[in-house]
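> Chains as they are written, first to last, in this note's numbering: chain A, 126 to 210; chain B, 126 to 210; chain C, 407 to 1149; chain D, 3 to 227.
Accuracy of the hints is not assured; some may be wrong.
Only some residues are given here: those of chain A computed to face chain C with a beta carbon under 8 angstroms [claimed, not checked]:
#, residue
1, I138
2, L139
3, P141
4, L189
5, I190
Computed spacing ranges between beta-carbons, pair by pair [claimed, not checked]:
#, chain 1, residue 1, chain 2, residue 2, range
6, D, A168, C, D491, 36 to 44 angstroms
7, C, T735, B, R176, 30 to 38 angstroms
8, C, A709, A, P151, 20 to 28 angstroms
9, D, A168, B, A149, 27 to 35 angstroms
10, D, G170, B, A149, 21 to 29 angstroms
Keep in mind that the hints were calculated from the coordinates and are not lab data. Glycine included, C-beta positions come from ideal geometry on N, C-alpha and C.
Residues per chain are reported as follows:
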Amino acid sequence: MRARVLVRPKQGILDPQGQAVERALPALGFSGVRGVHVGRLIELEVEDPSRLEEMCQRLLANPLIEDYEVQLDGTAPEGHASAAP
Amino acid sequence: MRARVLVRPKQGILDPQGQAVERALPALGFSGVRGVHVGRLIELEVEDPSRLEEMCQRLLANPLIEDYEVQLDGTAPEGHASAAP
Amino acid sequence: MAATAPGAPGLERAQLLGLTEPEYALIVEKLAREPNEVELAMFSLMWSEHCAYKHSKKLLRTLPTEGPRVVMGPGENAGAVDVGDGLALAFKVESHNHPSAVEPFQGAATGVGGILRDIFAIGARPIAVLDSLRFGELDSDRSRYLLDRAVAGIGHYGNSIGVPTVGGEVYFEAPYEQNCLINAMCLGLADRERLIRSAATGPGNVLVLFGASTGRDGIGGASVLASAELGVGDEAKRPSVQIGDPFEEKKLLECSLELLERGLLVALQDLGAAGLTSSAAEMASKGEVGLDIDVARVPLREADMEPFEIMVSESQERMLCVVEPEHVTAVLEVCARWETRATAIGEVTEGGALRILRDGGPVGQLPVAALVDECPLYDLTPERPDAQLYPAPSGGSAPTDAGGALLALMGSSNLSSRRPVFEQYDCLVQSRTARRPEQADAAVLLLPARPGQEHPALAVSIDGNGRRVACDPYQGTIEAVLECVANLACVGAEPLGLTNCLNFGNPEKPHVAWQLSQCVRGLGDACRALGVPVVGGNVSLYNETADGPIYPTPVVGMVGELPDALRAAGLGFSREGDAIAVIGSVTPQLAGSELAKLRGEALPEQLPAPDIAAVSRAAAVVREAVRAGELSSAHDVAEGGLAVALAECCLAGQLGARVRLEAADGLEAALFGEGVGRFVVSGPCDRVQEVVGRGGGKVVGRVQGDHLQITFGPETKATAEGEIDVGVGELGQAHRTLSGTIA
Amino acid sequence: MRFGVIRFPGSCDEVDAQLAAARVGEAQLLWHADPDLHGVDAVIVPGGFSYGDYLRVGAIARFAAVMESVVGFARQGGPVLGICNGFQVLCEAGLLPGALLPNVGLRFVCRQAELEVVTDRSAFTRACSRAERLSIPVKHTTGRYYAPEETLDELEAADQIVLRYAPGQNPNGSAREIAGVCNREGNVVGLMPHPEHAVDPLTGSTSGLKLFASVCEGDGVRAAA
Ligand SMILES: Nc1ncnc2c1ncn2[C@@H]1O[C@H](COP(=O)(O)OP(=O)(O)O)[C@@H](O)[C@H]1O
Ligand SMILES: [Mg+2]
Chain A
126 MRARVLVRPK QGILDPQGQA VERALPALGF SGVRGVHVGR LIELEVEDPS
176 RLEEMCQRLL ANPLIEDYEV QLDGTAPEGH ASAAP
Chain B
126 MRARVLVRPK QGILDPQGQA VERALPALGF SGVRGVHVGR LIELEVEDPS
176 RLEEMCQRLL ANPLIEDYEV QLDGTAPEGH ASAAP
Chain C
407 MAATAPGAPG LERAQLLGLT EPEYALIVEK LAREPNEVEL AMFSLMWSEH
457 CAYKHSKKLL RTLPTEGPRV VMGPGENAGA VDVGDGLALA FKVESHNHPS
507 AVEPFQGAAT GVGGILRDIF AIGARPIAVL DSLRFGELDS DRSRYLLDRA
557 VAGIGHYGNS IGVPTVGGEV YFEAPYEQNC LINAMCLGLA DRERLIRSAA
607 TGPGNVLVLF GASTGRDGIG GASVLASAEL GVGDEAKRPS VQIGDPFEEK
657 KLLECSLELL ERGLLVALQD LGAAGLTSSA AEMASKGEVG LDIDVARVPL
707 READMEPFEI MVSESQERML CVVEPEHVTA VLEVCARWET RATAIGEVTE
757 GGALRILRDG GPVGQLPVAA LVDECPLYDL TPERPDAQLY PAPSGGSAPT
807 DAGGALLALM GSSNLSSRRP VFEQYDCLVQ SRTARRPEQA DAAVLLLPAR
857 PGQEHPALAV SIDGNGRRVA CDPYQGTIEA VLECVANLAC VGAEPLGLTN
907 CLNFGNPEKP HVAWQLSQCV RGLGDACRAL GVPVVGGNVS LYNETADGPI
957 YPTPVVGMVG ELPDALRAAG LGFSREGDAI AVIGSVTPQL AGSELAKLRG
1007 EALPEQLPAP DIAAVSRAAA VVREAVRAGE LSSAHDVAEG GLAVALAECC
1057 LAGQLGARVR LEAADGLEAA LFGEGVGRFV VSGPCDRVQE VVGRGGGKVV
1107 GRVQGDHLQI TFGPETKATA EGEIDVGVGE LGQAHRTLSG TIA
Chain D
3 MRFGVIRFPG SCDEVDAQLA AARVGEAQLL WHADPDLHGV DAVIVPGGFS
53 YGDYLRVGAI ARFAAVMESV VGFARQGGPV LGICNGFQVL CEAGLLPGAL
103 LPNVGLRFVC RQAELEVVTD RSAFTRACSR AERLSIPVKH TTGRYYAPEE
153 TLDELEAADQ IVLRYAPGQN PNGSAREIAG VCNREGNVVG LMPHPEHAVD
203 PLTGSTSGLK LFASVCEGDG VRAAA
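Isolated chain A, as found in the complex (with noise of 0.2 angstroms):
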């Protein structure tokens, strides 16, 4: 089955990256932007999804620093990250 893990910086741990696409926007020409962050896409295919979660906790994303997210194919998105424990 293919899925999807979404990983971002958790909620008030710096995140540079954001910082930095978020200032360079209105230089462009793109103004109306806010909260912006930066993370990291991971697809895989997976023949047993319910391990998925061992597997964010253990490699896919730092939960020291990171949230991460976990969505299979053709399931929406769950809105909110999924707090690691």
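Following the hints, position chains B, C and D with the ligands against chain A.
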């Protein structure tokens, strides 16, 4: 409006990051994972979503090497990459 | 003690924050009331081991810090020495051990960021970084992971900010398994009269905070972390990890230097451990003034931060400066040009009070003196353990034949090539690096040409073998200092000054207290004997887990000067037919050596006392010979002994050697015995003969072919049992262990 | 010959490039926010981590005010050299074909590299001869040159490959061992190796000098076009 841009390496371009993840998983006891690709996730708050396409083209992705996909909050992922022209 | 006053967090909170009951009582006495939340948070950090040096300050006072070349000694953000032509060299080494054990990439990266700020905080442009790393044995997954991430983090920060990482050292020893050491050293150059101090002066002057915005990074971080042993609570401490932003720091660096260049600042100070609290308090204390700070003016990354959070936040990439009112606009303009946020957050006041305001209303008021200078200092209760504290290294079956042993040593974790590490560091940026890693025993950095000297240069080396210090804290520390002297001598450099980072376990334990005091005594004695002043450093205590303390690890960083970089010798043999000599007379010992480790032999309980005078004489002979251009190569004999030193000379020059030794104390000791103070040099026969004549030593062979051959006794005898004949290619293969393990 | 070296926030090798260029001509720094090129005869987009390399290497720097002028200058045949991060910026700006991807090893690599000069018609290799060997250091994490196969064929056909890594020297998995390319006219050159760090025997090799000297030969640009 809250939006997400998913950027991934174009089909057929060597993705060493994806390979590294794929190599690392079995060692951690995760078998049955294939086709891993690592890309970028950009989340932002936009006043005018209609400009997102242009933002991706000009800044957020490099169409020569990357595909991207826009998710507006709540909407389902389009499942496939909107290949850049 | 009186019951907690309403609104006061009280003794229990104080204890949770790491203060003892007597310390809390003292605070109450000094305030003549109980501290409120803001005040308690600030005291708990300023009175932590990390900031107050509670258990080390008395020892540190015994170190020699004076010298004709000293421009700035301990007490400022970094020490500095005069390097002639109106230039001063600032340098310091600092640890980031505990944060790195929690998150190695960010911990190591922000460690580099922190030491860089200490250097440009005194107005010097950072010109080089060195790193000193300690991990558990390479066969542990955790050690390899920590090594991999820490090295990546150091590279990420140093490379991105355009400061070359020109040297360092890595050791793998079991006692570091649960408590790795990440020390970083930085060097900076400045016009002597442009060095700036951190003393806030001039009541009415404005306090400007510039750089990154303030978030909850490291709240209860470094200061508290570094003051308590890592343990089960570890996970809980995790959320306070700081993220490094080298891009922000690069702008901060250029911006700070431009502000100084334009003479716009009265004082400058970096924000490190304990953030705004420590920086403001230190500045006020040094200038004997007070400060008003309005936390409402501090730019925040997170809206809802409490005053105490703002005061203790350890968000990276921030600086604090004192500016005369008429210059404030100019300062803000320079910052804006560098896209660096800058805000006036307060002002210098008469009297010695640090007042914390929020929108003008006071939320805390503390006497600066109490905060900075009146934390109780503790006497150590040293006690020599009656037996060696540390178990024998879990070595095992090292080959018994000399050739096999040499190959095993060349491939051992501590002696294998560091290329996979240093290739991840930019060692070239700034166009000063005249000797790169593995080219010479010390890094050589060019100084601007000056009248009569076209290529004046600096040399720098960092060293500290924890296992040797564990064998004998006093002698082991002296060895570390002499090792640096030897490294500098090989490139023709004379020592100017020394910095150090003392990485130890829990000083409240008598045996650790003993290690610490022996170490500092050794450091002081060596420095006095050599006439090398200690201009700064750092102390990292409580490096200890349930498994016990780390090896006592003083990391010594030494800088020196040489008149002509063109003559700086490399360590590699460079000409077929050159004579090879060993300079210096030391009886090598196997006890405590790398070979002994390989064989799992127990650590001895002491090391032979190095003859400091003799070693510095030998070093002087090598230094002068190198300066006179008499030698083609110079390399000091260190870990692994003479055989390994010769092998390293062969590898660096891709040339073989034929060497014949007398087997005085047995073949093995002659080949692999250790003990600081010997040098392998090569050069034209007559020149080398002269050098030997001056230095005491012996011609032992010649550069030849593509094999390293070491035989014993008379010329006539052919290679036999206990002797060595190994191809240079084979040595190279063995030396590559690390590339297999990481990169 | 007057060189202008651009300084972005996050540039690291700009002063090195200025010093190197000053060995063969005059050299000054150009501020990213100032569109005025101050009449320089050649532009160098230096190495480093412009804007922290955040988002994607070179992606943000290409929009700096000065870059519009650089594009105009290049279109009129002015010689432009992009080094490492500068190469990435020129690709992002569309002055050079292709893009640079993360090294296959995914690590930063700093080492001396052996290179082969492929074309001697570019503004910055005119003083070299084809197949000449150069020793110049590389230092980057994102140096794997990529372009679609047909583009690579075109580049080779149009003699737009400037430098190749010598056999066994490719540090990043670059397509067809490519270390540097130029535009059709040969006046815009992008290199991953750092010639500014190869101009003095004391700090390394000297091969890099030739590249700076090349652009001084004759009236560089138009000759190449
Ligand atoms: N082992 C040491 N030897 C000499 N000086 C030291 C040592 N440890 C700390 N110091 C000095 O004590 C002062 C405070 O150190 P530290 O708190 O690390 O400074 P900062 O907070 O600026 O990093 C500095 O001037 C430092 O040089
Ligand atoms: Mg400081």
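> Look at each hint and say if it fits the structure.
Structure-based check of each hint:
no.: 1; hint: I138; result: 6 angstroms, holds
no.: 2; hint: L139; result: 4 angstroms, holds
no.: 3; hint: P141; result: 4 angstroms, holds
no.: 4; hint: L189; result: 5 angstroms, holds
no.: 5; hint: I190; result: 6 angstroms, holds
no.: 6; hint: A168/D / D491/C: 36 to 44 angstroms; result: 41 angstroms, holds
no.: 7; hint: T735/C / R176/B: 30 to 38 angstroms; result: 37 angstroms, holds
no.: 8; hint: A709/C / P151/A: 20 to 28 angstroms; result: 22 angstroms, holds
no.: 9; hint: A168/D / A149/B: 27 to 35 angstroms; result: 32 angstroms, holds
no.: 10; hint: G170/D / A149/B: 21 to 29 angstroms; result: 28 angstroms, holds
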